[in-house]
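Protein sequences appear in the order of chains G and S.
Read in order, the letters of the first sequence correspond to residues 10 to 415 in our numbering.
Read in order, the letters of the second sequence correspond to residues 19 to 81 in our numbering.
None of these hints come from the bench; they were simulated from the model.
Heads up, a few of these hints could be off.
[What the hints assert, rightly or not] Cut-off 20 Å, straight-line C-alpha distance, at most; resulting in silico cross-link-like pairs (SDA-like, lysine to any residue):
| no. | chain 1 | residue 1 | chain 2 | residue 2 |
| --- | --- | --- | --- | --- |
| 1 | G | K412 | S | D45 |
| 2 | G | K59 | S | G48 |
| 3 | G | K322 | S | R66 |
| 4 | G | K172 | G | D63 |
| 5 | G | K59 | S | G30 |
| 6 | G | K322 | S | Q67 |
| 7 | G | K322 | S | G48 |
| 8 | G | K322 | G | M296 |
| 9 | G | K59 | G | K172 |
| 10 | G | K412 | S | R66 |
| 11 | G | K412 | S | S47 |
| 12 | G | K59 | S | D46 |
| 13 | G | K412 | G | E360 |
| 14 | G | K412 | S | D46 |
[Stated by the list, open to error] Where chain G lies over chain S, by a calculated footprint (3+ residues, C-beta under 8 Å):
| no. | segment |
| --- | --- |
| 15 | 32-39 |
| 16 | 51-63 |
Ideal Cβ positions, reconstructed from N, Cα and C, are used throughout, including at glycine.
Residue-level listing of the chains:
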Amino acid sequence: MSSGRHLVVVGASLAGLRAVEAARRSGFDGRITLIGAEPHLPYDRPPLSKTFLDGEDLPPFRGEEVLREELGVELALGAAATALDIGARTVRAGEREFGYDALVVATGAGARALPRTGGLRGVHTLRTRDDALAVRRALDAGARTVVVGAGFIGSEVASAARKRGLDVTIVEALPTPLVRAVGETMGGACAALHARGGTELRCGVGVSAVEGDGRVERVRLSDGTVLAADLVVAGIGAVPATGWLAGSGLTLDDGVVCDETLFTGAPGVYAAGDVARWHNPLFGRHMRLEHWTSAAEQGAVAARNALDPADAKPYSTVPYFWSDWYGARIQFVGVPVTDEVRVVDGDLAGERFVALYRAGDRLVGALTLNGQPQVMKYRGLIMRGASWAEGLEFADRRRAAAKESV
Amino acid sequence: MKIVVDYARCTGLGICESLAPGVFEVDDSGDLIMLTETISADDLEGVRQAIEGCPTEALRLEP
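Okay, chain G solo, but in the shape it has when bound:
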């Protein structure tokens, strides 16, 4: 690794942090600049819709001293990147311009906002620390809460509100929530947790207006229902933050399109995390994941590949996410594109279940409720390209062993 080179990482969240750490760990001794839109040091996001809402603290991943001194990172925080010139090899952020030899694009995704609510206090998305703090304060004040969108973020917010004994309603436009994440059958099974948790879930109904005098007072639904609300949280998805790359020459299609090594096609430029749409060799197709694990791993891979393109390594993964609702843990491994879903342990109405996903004759996914002891064993099977029959055999063995131990 020749010194004197400059690695620029755009995006100071998990993928960006892991990029700078991996660069140093691989022996890179040149300059590193970490550019971030938010003024905060890099922090973790999963807790924002979970324990942080319950009042827990959220320290940054690394102290400023560690970043500046131990890792030798120049921090350029508080101004979003606005332009990339792949010919001149420069990135613009705020008033500054940064030349790079290697670049990791890790700008993540931005929460989609509810339309026509601009300026109304009490209406939030939940993506950043500042968002989460505002939501937490509203919950602290005992807000009557309406959550728009029954995805993972919205469901976690509802769960946090119920934990405080607050009234909360979730409004979901689709007839079944979470279809894209876990498929229709299992989306329904997960949604059933809301009723047990005391949250009212209204599916197949849209929001026609969010109203109030300066601050939100009510939410009007497309079926005519009016819900009183002091807090509205929109969990209606996120959009990859690629606006600043328009006209840069990078290929943009629901994210920055990359090959299997996270290479964007522009010399020295790699992408990582929620913004990257890369070719996952394990499933033979392009994917863009908004998952913690892939962001962490991709950040490290992108930096190493950007610094040593001649020896660039592919990144493949079995997607994994988790979500905590009403004290229960939902975990999913694999992909939900499927020909069949089969419950192999527990039952969908109970406290615990394991469901397997089949595509052709391959095991491609597993969803568990409170199935921590099992879920990663299925991830291992999927990683090894296990057949559907192997997945079912494994489930049989687990059930038999569980019976014996009773």
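Model the placement of chain S on the given structure of chain G, informed by the hints.
Frame of chain G; chain S shown alone:
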């Protein structure tokens, strides 16, 4: 090389188990157990990935 688990931070997500199944396992009560004290050369890369992949940063390696 020795693996140190910070059980106060570990929430049993199990990422480590999928990356180094010979070393880590989430048991039936959802707690992380170590299957071995000594890390073989074969396991080392998986253990490194598990440390990097732990969402609660509960793992570290000590000489």
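Cross-check of the supplied hints:
no. : hint            : in the structure
1   : G:K412 x S:D45  : holds (16 Å)
2   : G:K59 x S:G48   : holds (19 Å)
3   : G:K322 x S:R66  : holds (17 Å)
4   : G:K172 x G:D63  : holds (8 Å)
5   : G:K59 x S:G30   : holds (16 Å)
6   : G:K322 x S:Q67  : holds (15 Å)
7   : G:K322 x S:G48  : violated (34 Å)
8   : G:K322 x G:M296 : holds (17 Å)
9   : G:K59 x G:K172  : holds (11 Å)
10  : G:K412 x S:R66  : violated (35 Å)
11  : G:K412 x S:S47  : holds (15 Å)
12  : G:K59 x S:D46   : violated (24 Å)
13  : G:K412 x G:E360 : holds (18 Å)
14  : G:K412 x S:D46  : holds (13 Å)
15  : 32-39           : holds (count 5)
16  : 51-63           : violated (count 0)
The structure shown violates the earlier hints numbered 7, 10, 12 and 16.
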